[in-house]
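Protein chains: 2
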Amino acid sequence: MAVEERMTFIKKQLHSQSYKLTPQREATVEVLLENEEDHLSAEDVYLLVKDKAPEIGLATVYRTLELLNELEIVDKINFGDGVSRYDLRKEGADHSHHHLVCIQCGDVSEIEEDLLAEVETKVEREWNFKIKDHRLTFHGVCNACQTKAAEQSHQKETVGQE
Amino acid sequence: MAVEERMTFIKKQLHSQSYKLTPQREATVEVLLENEEDHLSAEDVYLLVKDKAPEIGLATVYRTLELLNELEIVDKINFGDGVSRYDLRKEGADHSHHHLVCIQCGDVSEIEEDLLAEVETKVEREWNFKIKDHRLTFHGVCNACQTKAAEQSHQKETVGQE
DNA sequence: TTTGAAAACGATAATGATTATCGATTAGTG
DNA sequence: CACTAATCGATAATCATTATCGTTTTCAAA
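Residue numbers (my numbering), protein chains in the order written: chain V, 127 to 288; chain B, 127 to 288.
Simulated from the structure, these hints should not be mistaken for laboratory data. Only a predicted model underlies this, so the values are computations on that prediction, with no experimental measurement involved. C-beta atoms are modelled at their ideal positions from N, C-alpha and C, and glycine is treated no differently. Each hint should be verified, as a subset may be incorrect.
Unchecked claim - If you anchor each label on the Cβ, the simulated ranges turn out as follows: (1) B:135 x V:145: 53 to 59 Å; (2) V:142 x B:188: 44 to 50 Å; (3) V:134 x B:277: 39 to 45 Å; (4) V:145 x B:130: 37 to 43 Å.
Unchecked claim - Not everything, but these chain B residues come out facing chain V in the computed CB check (under 8 Å): (5) 135; (6) 184; (7) 204; (8) 226; (9) 248; (10) 256; (11) 259; (12) 264; (13) 265.
Said to hold, decoys possible - Listed below are the simulated DSSO-like cross-link pairs for lysine-lysine, each with C-alpha atoms no more than 30 Å apart in a straight line: (14) V:137 x V:216; (15) B:248 x V:248; (16) V:248 x B:202; (17) B:256 x V:248.
Hey, can you work out the whole structure from these sequences and the hints?
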């Protein structure tokens with residue numbers, strides 16, 4: 127779906143719940159559409175939105191993100207670094223929240239594939255737990271950092287580690 | 127392993143890293159050993175420790191929990207409710223962090239079983255990501271709340287939802 | 001056992017993210 | 001166009017966590 131279309135869809139969503147469509151909300155959604163691959167914090171969004179709508183307040187950004195989260199347009203996620211991050215929901219892969227967090231460079235990448243189909247079935251059956259959503263996060267060392275580490279160990283023996 | 131033994135083990139851990147064994151640390155570990163099944167927040171621990179050592183300060187509890195986390199004696203976990211929780215690591219099931227969070231009653235239960243063996247293999251192979259740890263959390267409706275909901279819908283039609 | 005330095009402590013101030021408040025402004029129905 | 005609830009910006013308040021600092025304690029070496 128094109129950006130245009132998705133914007134229209136989101137506007138419709140707002141409207142159908144009798145929320146008002148304000149320039150601030152529109153600008154916020156634009157920013158989210160233009161930065162889909164990042165995991166923006168509220169602060170990040172605030173700074174980006176200020177370019178489009180300099181008069182916007184931080185509180186409004188928080189309010190808008192919270193609203194979009196309730197409408198299930200964005201997902202509010204948490205990598206344990208002290209800030210919430212907000213991701214536009216992709217169509218289809220409705221609630222696939224699989225992340226690889228690198229403990230060396232801090233990079234976060236995303237796995238689209240549904241890894242948990244079997245696991246979910248098992249949990250629903252064995253614990254009689256009705257799953258609505260899930261979060262799966264792996265902490266480890268990303269490809270790039272492994273490569274970098276390998277290169278450096280050629281030059282000299284590994285020394286300090288933080 | 128008995129509580130006594132585990133306490134001794136933890137003391138040894140501290141000592142081997144030349145950390146000092148203070149009454150405050152001892153009392154904190156005691157509390158953790160006595161409340162293994164709960165997911166205590168720092169505040170929770172603080173209140174419980176005050177019974178044993180009333181003069182302890184909240185900052186010391188935070189410091190101690192942070193230290194125990196670094197020593198890999200406890201795991202600092204995050205359910206997205208705004209507070210960190212601290213769980214004693216069980217022997218064996220070293221880093222199995224699977225949780226079921228009920229979106230109705232807020233209850234958190236734990237799955238001991240390793241659900242992710244296959245998934246981990248796949249991620250390590252396909253993304254060349256060296257996994258050190260993981261978190262898997264399901265959000266949904268627990269057994270008890272499903273039962274309760276079913277009973278209530280006998281009495282009258284479901285009405286409001288928050 | 002005494003002693004001295006580093007580690008740890010308690011109290012509390014500071015921080016940083018998020019939320020609540022409030023008077024002013026605006027979207028959108030009629 | 002007018003009206004009213006929704007929304008806004010500014011900013012104070014909150015809440016968990018961390019930093020600071022002067023005092024106290026642990027523990028190893030004398």
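Against the structure, the hints:
no.	hint	verdict
1	B:135 x V:145: 53 to 59 Å	holds (56 Å)
2	V:142 x B:188: 44 to 50 Å	holds (46 Å)
3	V:134 x B:277: 39 to 45 Å	holds (43 Å)
4	V:145 x B:130: 37 to 43 Å	violated (59 Å)
5	135	violated (25 Å)
6	184	violated (18 Å)
7	204	holds (5 Å)
8	226	holds (5 Å)
9	248	holds (7 Å)
10	256	holds (4 Å)
11	259	holds (4 Å)
12	264	holds (5 Å)
13	265	holds (4 Å)
14	V:137 x V:216	holds (16 Å)
15	B:248 x V:248	holds (19 Å)
16	V:248 x B:202	holds (26 Å)
17	B:256 x V:248	holds (26 Å)
In summary, the structure is inconsistent with hints 4, 5, 6 from the numbered list given earlier, while agreeing with the others.
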